[in-house]
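Novice: So you can see what is in the structure, the chains are spelled out below.
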Amino acid sequence: MSNPSYQKLPGRGLAWSGPSRVWLGEDHVLLVLTRGYLEVYRRFFLNDIQALIVLRTQTGKIWNGVCAFFSALFLWPALALGETGTIITLSLAAPFLATLLINVLRGPTCAFYIRTAVQTERVPAVSRVRAAEKFIARVEPLVKAAQGEWPEPFVPALATLQSSQPVVAGAPPVLGL
Amino acid sequence: MNTPVVCPECAAPVPVEFFQGLRFGPCLGCNTPLLARAFPALLRQAPQGISGERITEAGQAACFYHPGKTAHVPCDACGRFICALCDVELHGQHLCPSCVESRQRKGTLTTFESRRVLWDNIALSVAVLPVATVFLAGFSMVTAPAAILLAVFGWRRPGSLAPRSKIRFVLAIVFSLLEIAAWVAFFYFISVSGEVFQ
Numbered sequence: 000m001s002n003p004s005y006q007k008l009p010g011r012g013l014a015w016s017g018p019s020r021v022w023l024g025e026d027h028v029l030l031v032l033t034r035g036y037l038e039v040y041r042r043f044f045l046n047d048i049q050a051l052i053v054l055r056t057q058t059g060k061i062w063n064g065v066c067a068f069f070s071a072l073f074l075w076p077a078l079a080l081g082e083t084g085t086i087i088t089l090s091l092a093a094p095f096l097a098t099l100l101i102n103v104l105r106g107p108t109c110a111f112y113i114r115t116a117v118q119t120e121r122v123p124a125v126s127r128v129r130a131a132e133k134f135i136a137r138v139e140p141l142v143k144a145a146q147g148e149w150p151e152p153f154v155p156a157l158a159t160l161q162s163s164q165p166v167v168a169g170a171p172p173v174l175g176l
Numbered sequence: 000m001n002t003p004v005v006c007p008e009c010a011a012p013v014p015v016e017f018f019q020g021l022r023f024g025p026c027l028g029c030n031t032p033l034l035a036r037a038f039p040a041l042l043r044q045a046p047q048g049i050s051g052e053r054i055t056e057a058g059q060a061a062c063f064y065h066p067g068k069t070a071h072v073p074c075d076a077c078g079r080f081i082c083a084l085c086d087v088e089l090h091g092q093h094l095c096p097s098c099v100e101s102r103q104r105k106g107t108l109t110t111f112e113s114r115r116v117l118w119d120n121i122a123l124s125v126a127v128l129p130v131a132t133v134f135l136a137g138f139s140m141v142t143a144p145a146a147i148l149l150a151v152f153g154w155r156r157p158g159s160l161a162p163r164s165k166i167r168f169v170l171a172i173v174f175s176l177l178e179i180a181a182w183v184a185f186f187y188f189i190s191v192s193g194e195v196f197q
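Protein sequence lines, in the order shown, are assigned to chains A and B.
0 is the number of the first residue of the first sequence in numbering that gives the first Met the number 0; add one for each residue after it.
0 is the number of the first residue of the second sequence in numbering that gives the first Met the number 0; add one for each residue after it.
Hints listed in this document are in silico derivations from the structure and should not be mistaken for laboratory results.
Careful: at least some of the hints might be erroneous.
[As the list claims (entries may be wrong)] 30 Å max Cα-Cα, derived DSS-like pairs, lysine-lysine: (1) K105/B with K165/B; (2) K133/A with K143/A; (3) K7/A with K133/A; (4) K133/A with K165/B; (5) K143/A with K105/B; (6) K143/A with K7/A; (7) K143/A with K60/A; (8) K60/A with K133/A; (9) K105/B with K133/A.
Values in this document were obtained by computation on a predicted structure and should not be read as measured data.
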């Protein structure tokens, strides 16, 4: 049975495992990862979200380059060929041109992460900068409302925390101390 | 212990100024354009674990699961007394571990569900794939009724947690009925043409 209390959040992405989407629940963000005939869920409770991080990626530019290359590859012979040849090469170039156009219109790509006390999880559903900005604009006020005000004075405390040494995952334990 | 927010790419700490900016700024470690938002939970200290208080006086109500611990609250579902350790607070309700488990088993507690089977996708695939692959089309004699059974079986089963229409079930049934109709027409044609040739 579907849960009508979930609202759609901006973003629709494709991971290697399959498509994914994000939904806004009453008190949490639900990440839905479709893996074949299964849906796998990750919940990020608004009260637990520590940070949202967006990193710009080069994926969109790489796809643009690939599509532009194949478009040019098929369009170039069209200049030298007759009418039938032109139609064939144009029809071969069309999917690449369409992909290129869609990719350009959707804007730059990004990697979006949600950090909680126990994990920093990549959200493949949010893969465009525009979607990430919309996501932040939608979710940020809700997280602030759920968590309340920053403890005073928060800027020095935050600066101290950010200047501290990060815990590197997988670092070997120091023995003999 | 709280840890700083770091760049997921290079693990360099994100400067505080980044949390207030509206634009992307270069990461200090890898120079990748980065945008970040921090929230008060970042500075919150992790709560200490609760172990439940030991019974110190005779006649004190004891936890159903830990006879040596003081009862903290009654379970809102079964009424058993439970200690602070056994108390699972969910949506304003206090539940004992066995009630949480039984609700999870029955599927009435969606909070802990981490995966669900998409019966509509299965039914649609069973209906469409044999025909789509052409060389397996003969199997549709078996898969079409199977797809209808799967659609009927899955219709009332819990589907996706997110809003999702029943259109895939409908398509699976319609497509399967068309396949069955095609097979019936095929066998009818064979029987009729067989009589003609005799």
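Novice: Hint by hint, which ones does this structure get wrong, listed from lowest number up?
Specialist: 5, 7 and 9
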